[in-house]
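Asks: With the hints as your guide, set chain R onto chain H.
Number of protein chains: 2
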Amino acid sequence: MQFTQEDRVYMARAIELAKKGRYTTTPNPNVGCVLVKSGEIVGEGFHQKAGQSHAEVNAIAMAGEKAKGATAYVTLEPCSHFGLTPPCAEGLKKAGIIKVISAMVDPNPKVSGKGLAILNEAGVETAHGLLEKEAIDLNPGFLTRMKTGKPFVTCKLASSLDGKTALKNGQSKWITGSKARQDVQNLRAQNCAILTGADTVILDNAKMNVRYEELMKTEFTELNLNSDQLRQPIRIVIDSQNRLTPDLEFFKISSPIIILTTKLDKSSQWPHFVTQMLVPERDGKIDLSVALTKLASHNINNLFLEAGHTLSGKFSELDLVDQYIFYIAPKLMGDCSKGLVNLPEFTNMMQVNELTFLEVTMIGEDIRIIASPKKTN
Amino acid sequence: MQFTQEDRVYMARAIELAKKGRYTTTPNPNVGCVLVKSGEIVGEGFHQKAGQSHAEVNAIAMAGEKAKGATAYVTLEPCSHFGLTPPCAEGLKKAGIIKVISAMVDPNPKVSGKGLAILNEAGVETAHGLLEKEAIDLNPGFLTRMKTGKPFVTCKLASSLDGKTALKNGQSKWITGSKARQDVQNLRAQNCAILTGADTVILDNAKMNVRYEELMKTEFTELNLNSDQLRQPIRIVIDSQNRLTPDLEFFKISSPIIILTTKLDKSSQWPHFVTQMLVPERDGKIDLSVALTKLASHNINNLFLEAGHTLSGKFSELDLVDQYIFYIAPKLMGDCSKGLVNLPEFTNMMQVNELTFLEVTMIGEDIRIIASPKKTN
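Line order of the protein sequences matches chains H and R.
Number 146 in full-length UniProt numbering belongs to position 146 of the first sequence; there are no gaps in the numbering.
Number 145 in full-length UniProt numbering belongs to position 145 of the second sequence; there are no gaps in the numbering.
Bound conformation, chain H alone (with noise of 0.2 Å):
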């Protein structure tokens, strides 16, 4: 299929669009979509909020009677069936567009292709695979989700030069400055989950919760949403032996928990919002693996692990992360400092993990490094 230039800048148009849902659509794709008549925009629209209208429906809402004989520019293609909603292909139908260009076909085995035929059927002329890249990078999650039934784990470290996450009297506060701070808030708002052990619940009580006030000073205020509009993700905890207790600082904060054990807490008040998820043990720890798939079967698409070097080294060693984001400090902390993942002892530097840097970014006085784990073939 030959795309033109107009069609290319109709389509990143698209994808802009789509990226407005990145706080919200969970567990629902970012989409994004354009219709074009004339050579002129006529409607434009985004999915927002899994339940609320489709990025095509927004955009023939937009458009109107206008829709009739447009081209409609599609992030993902149109679905075909009921959900919570009823499908698109038939809404684009109705409207009276005469052409779709998808970026990508839908990777859900109840959708793909079938959106597409719908349209072809009717007379629509489609085509797709423009900007591919650009519209599958919009959801990592969604698309790991349904092509390996995990979640997308993003595993996020921060540390010294030196690789050092506390002194060894444990003081960490604080390592990175406000800005590399500010952007973990950021993503957490962008994840629909956050993973963390039992250790950094305890021993740092943390909240691990996202912040609307340290929210708006990053990008997320280019959105207009207002604190009622923030959806707090999902913070799953995994104590496999039982250890957490209702009073810490964690769940104080009214928002769903999951706690992952290998054996019911029956005796403890847990809060309403707080969920106790059995997993399987494997060495005597919950089977991080058989974890990830329960997880996705819970509709999260994206994880983000922000744990001690402990839970971060078992993650990294069994090959279960899809990113890691390093924040790296300006500063030197010394070997007596501690280490920022455990992992087994390598005999052979052929063994060590190996990634790849994707960007490398300065944020505030820190470097940000976004790396993936180097695949083996």
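The set of hints was computed from the structure by calculation and includes no laboratory data.
Among the hints, erroneous ones may be present.
Partner residues are not named here, just some residues of chain R that face chain H (Cβ under 7 Å, in silico) [claimed, not checked]: (1) LEU167; (2) GLN171; (3) LEU332; (4) ASN353.
Over the 12 Å line for every Cβ pair with chain R, so calculated as not near, a few chain H residues [as the list claims (entries may be wrong)]: (5) PHE82; (6) GLU90; (7) GLY113; (8) ASP137; (9) SER160; (10) GLN171; (11) GLN185; (12) ASP199; (13) ARG211; (14) ASN224; (15) LEU230; (16) GLN232; (17) SER254; (18) VAL274; (19) THR275; (20) LYS294.
Glycine included, every Cβ here is placed at the ideal spot set by N, Cα and C.
Replies: For chain R alone, coordinates are given in the frame of chain H:
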């Protein structure tokens, strides 16, 4: 003093020229000169090597008769004293230059202001301060030595993302990639001397020299210097306990070596290119501060520190580092691998060594970070 946009362009050219000397001028500073007459460059030159002609002399030679009535742009105040060559201030005057613009005055007390005075007395107009910052950056070592009586110390460190330099069993080949290692060769070649510890020379059997064939894969090639013109940096090794022996690889490369020791080793048969330098003790070790002063008095401007975690940590702890260059490889080696810098145990986050990131670049698959110690006022 008001400078024009044209002035800036010519001085920027003089600075570019000065950089061409960066592999060879030691212990002299890098200097460039441009002669301009009626809006045209009539002569250009840079200083290439101590004992050879200065930038101004080269520019005048190129201009010939056209030097008469020209303006000279020089990155450093023209010298006024007889060193290995006659004073340039005199040369400029004799050549009929009518105006001299210097980027900066000379920091050398033997020269500072005197070159300009000679010119002024001869009726040559002078000005200075144009692109001064850029001119200062040409000669960190020379300026530091003139101002503080110590060399400019660059501490090079290379590690995995989690700050590790070797496996528990000592394996470390290779952490960084070939591009980063070529970059180190290029930096070695630009420094007057390389400083390391006896451990590195003994345990790694390191040569610490510049390999021409590796250098030829870097920007060095742009200068069209052949291997005969390559100056090996002086190799300096700290050996307070006289553990070094002449059979090590380090001593197989026939280029100047200085052994810093607290007690001369008179029993070993050192090759002719090895000098033992006596330095007083401090806390049972070489007094590093005194060592630096001694090295500066031997005309070492830029010192490249490539050492293990103990010596690097000591320099950092004693605040003797002017600049850090970190190479970070996309690898995780785990907490049981070996650390980057040995520092005293800190009990409060306020005590850790704070740096400022100046530059971050990708070098092949690795990241290079240039940082400076944060000045505590």
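Asks: Could you run down the list of hints and mark each one as holding or not?
Replies: Hint-by-hint comparison with the structure:
At its closest, the beta carbon of LEU167/R sits 5 Å from a beta carbon of chain H; the interface hint therefore holds under the 7 Å criterion. This hint holds: GLN171/R has a C-beta 5 Å from the nearest C-beta of chain H, less than the 7 Å allowed. The interface hint given for LEU332/R holds, since its Cβ lies 4 Å from the closest Cβ of chain H, which is under the 7 Å cut-off. At its closest, the beta carbon of ASN353/R sits 4 Å from a beta carbon of chain H; the interface hint therefore holds under the 7 Å criterion.
Look at PHE82/H: its CB is around 46 Å from the nearest CB on chain R, clear of 12 Å, so calling it non-interface holds up. Distance to chain R confirms GLU90/H as a non-interface residue, since its nearest Cβ pair spans about 47 Å, more than 12 Å. Against chain R, the non-interface label of GLY113/H holds: every CB pair exceeds 12 Å, the least being about 38 Å. For ASP137/H, the shortest C-beta to C-beta distance to chain R comes to about 20 Å, beyond the 12 Å cut-off, and the non-interface label holds.
The non-interface label for SER160/H is inconsistent with chain R: the shortest C-beta to C-beta separation is roughly 7 Å, within 12 Å. Annotated as non-interface, GLN171/H brings its C-beta within 12 Å of a C-beta of chain R; the closest such distance is 5 Å. No beta-carbon of chain R is positioned within 12 Å of the beta-carbon of GLN185/H; the least distance is around 21 Å. With a closest Cβ-Cβ approach of about 15 Å to chain R, ASP199/H is found to remain outside the 12 Å limit, as its non-interface label requires.
At roughly 22 Å from the closest C-beta of chain R, the C-beta of ARG211/H stays outside 12 Å, upholding its exclusion from the interface. No Cβ of chain R approaches the Cβ of ASN224/H within 12 Å, the least distance being about 33 Å, so the stated non-interface status holds. Every C-beta of chain R lies more than 12 Å from that of LEU230/H, the closest at about 31 Å, which supports listing it as non-interface. Its beta-carbon lying about 29 Å from the closest one in chain R, GLN232/H satisfies the requirement of being farther than 12 Å from that chain.
No beta-carbon of chain R comes within 12 Å of the beta-carbon of SER254/H; the shortest separation is about 32 Å. For VAL274/H, the shortest C-beta to C-beta distance to chain R comes to about 32 Å, beyond the 12 Å cut-off, and the non-interface label holds. With a cut of 12 Å on Cβ distances, THR275/H stays outside the contact zone with chain R, its closest approach being about 32 Å. Every C-beta of chain R lies more than 12 Å from that of LYS294/H, the closest at about 26 Å, which supports listing it as non-interface.
Comparing the model with each earlier hint shows violations of hints 9 and 10; every other hint is respected.
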